[in-house]
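Participant: Letter by letter, the chains look like this.
2 protein chains.
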Amino acid sequence: MEKKLKSTAPCDERCPVRASLSLLAGKWTLMILFQINENTVRYGELKRTVTGISEKMLIQELNMLVENKLVIKKVYHQVPPKVEYTLTELGLKTLPIVDQLAQFGLENLV
Amino acid sequence: MEKKLKSTAPCDERCPVRASLSLLAGKWTLMILFQINENTVRYGELKRTVTGISEKMLIQELNMLVENKLVIKKVYHQVPPKVEYTLTELGLKTLPIVDQLAQFGLENLV
DNA sequence: TTTGGTACTTACCAAATGGTTAGAATAGCT
DNA sequence: AGCTATTCTAACCATTTGGTAAGTACCAAA
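Quick note, the sequences are listed as chains U and A, same order.
The first sequence begins at 1 in my numbering and counts up one residue at a time.
The second sequence begins at 1 in my numbering and counts up one residue at a time.
Hint data in this document are derived by calculation from the structure and do not stem from the laboratory.
Each hint should be verified, as a subset may be incorrect.
Since copy identity is lost for identical chains, a pair holds within one copy or between any two.
As a list, the in silico DMTMM-like pairs of lysine to aspartate or glutamate whose alpha-carbon atoms are at most 25 Å apart [stated by the list, open to error]:
hint, residue 1, residue 2
1, Lys73, Glu13
2, Lys82, Glu13
3, Lys56, Glu107
4, Lys74, Glu13
5, Lys82, Glu107
6, Lys47, Glu89
7, Lys73, Glu107
8, Lys82, Asp99
9, Lys47, Glu107
10, Lys56, Glu13
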């Protein structure tokens with residue numbers, strides 16, 4: 001009775017894949033989430049571990065992630081400043097996606 | 001002995017997440033793979049189901065996917081022409097990623 | 001002979017993305 | 001007084017990405 005749903009279902013605004021991608025499709029987004037993972041990470045640490053990213057991009061992405069409630073930012077008002085980033089509940093839920101990406105990479109690329 | 005590997009592992013060229021993203025991070029890539037899925041799909045069908053994409057982008061992405069061995073293209077030399085796209089073995093292995101994206105979208109967005 | 005259907009291709013332009021460089025803030029250390 | 005450390009901001013430019021619109025090819029059917 002409902003055999004061919006898949007092939008005809010259009011991928012429009014309601015498509016869950018599209019919705020996720022609009023949040024996560026950036027060049028660096030998933031890699032940053034991967035690096036934060038289940039840890040609490042300082043800005044400088046991210047700068048070092050996400051190799052190749054510019055400061056501008058890193059900050060821009062982090063702000064975007066905070067705005068979208070995937071990441072929590074904790075500022076220590078010290079000098080020199082100290083800022084820590086952690087995944088929110090929602091952010092943690094992206095880790096299975098990242099895991100699949102990692103697994104695909106491990107098995108078929110690199 | 002090897003507790004803190006995660007937090008210090010840099011995400012450089014060897015990072016499997018980065019490798020996968022370099023292949024799949026495009027705005028439309030994963031959505032196209034999602035639409036082809038386990039089916040055999042004609043070009044025109046994709047044009048209709050991946051709503052919002054331009055012909056230029058769709059062709060460009062499909063060519064890229066064929067080049068990267070994620071998709072097989074079968075041309076029927078008829079008039080009017082008929083072209084079918086199918087996922088390769090490798091392409092099928094990206095479906096778990098897409099599934100996670102879909103699940104994340106379903107549970108937290110839309 | 002004109003129209004239609006399918007799968008592209010091309011040229012041009014606009015917008016999004018990303019990189020580089022310099023600098024701001026601030027307090028402790030020398 | 002000047003240096004250092006850390007996080008972030010701003011201005012400028014280059015590259016990449018993406019969209020629009022028009023055109024190509026081919027034959028069959030009207």
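Participant: For every hint, state whether the structure bears it out.
Facilitator: Verification of the supplied hints:
When the C-alpha separation of Lys73 and Glu13 is checked against a cutoff of 25 Å, the pair qualifies neither within a copy, at 30 Å, nor between copies, at 27 Å. Proximity of Lys82 to Glu13 under the C-alpha cut-off of 25 Å is found in neither arrangement, the shortest distances being 40 Å within a copy and 28 Å between copies. In the homo-oligomer, the alpha carbons of Lys56 and Glu107 never lie at most 25 Å apart, since the shortest distance is 32 Å inside one protomer and 31 Å across protomers. In this assembly of identical chains, the alpha carbons of Lys74 and Glu13 never lie at most 25 Å apart, being 34 Å within a copy and 30 Å across copies at closest.
For the identical chains of this complex, Lys82 and Glu107 are neighbours neither inside a copy (38 Å) nor across copies (34 Å), given an alpha-carbon limit of 25 Å. Proximity of Lys47 and Glu89 under a CA criterion of 25 Å is satisfied intra-copy only: 23 Å inside one chain copy versus 36 Å between copies. For the identical chains of this complex, Lys73 and Glu107 are inter-copy neighbours only, at 24 Å across copies versus 34 Å inside a copy, given an alpha-carbon limit of 25 Å. In this assembly of identical chains, Lys82 and Asp99 lie within 25 Å of each other by CA distance neither inside one copy nor across copies; the values are 29 Å within and 37 Å between.
For a Cα distance limit of 25 Å, the shortest separation of Lys47 from Glu107 qualifies neither inside one copy, at 27 Å, nor across copies, at 31 Å. Taking the shortest Cα distances, Lys56 and Glu13 sit within 25 Å of each other only across copies (20 Å), while inside one copy they are farther apart (30 Å).
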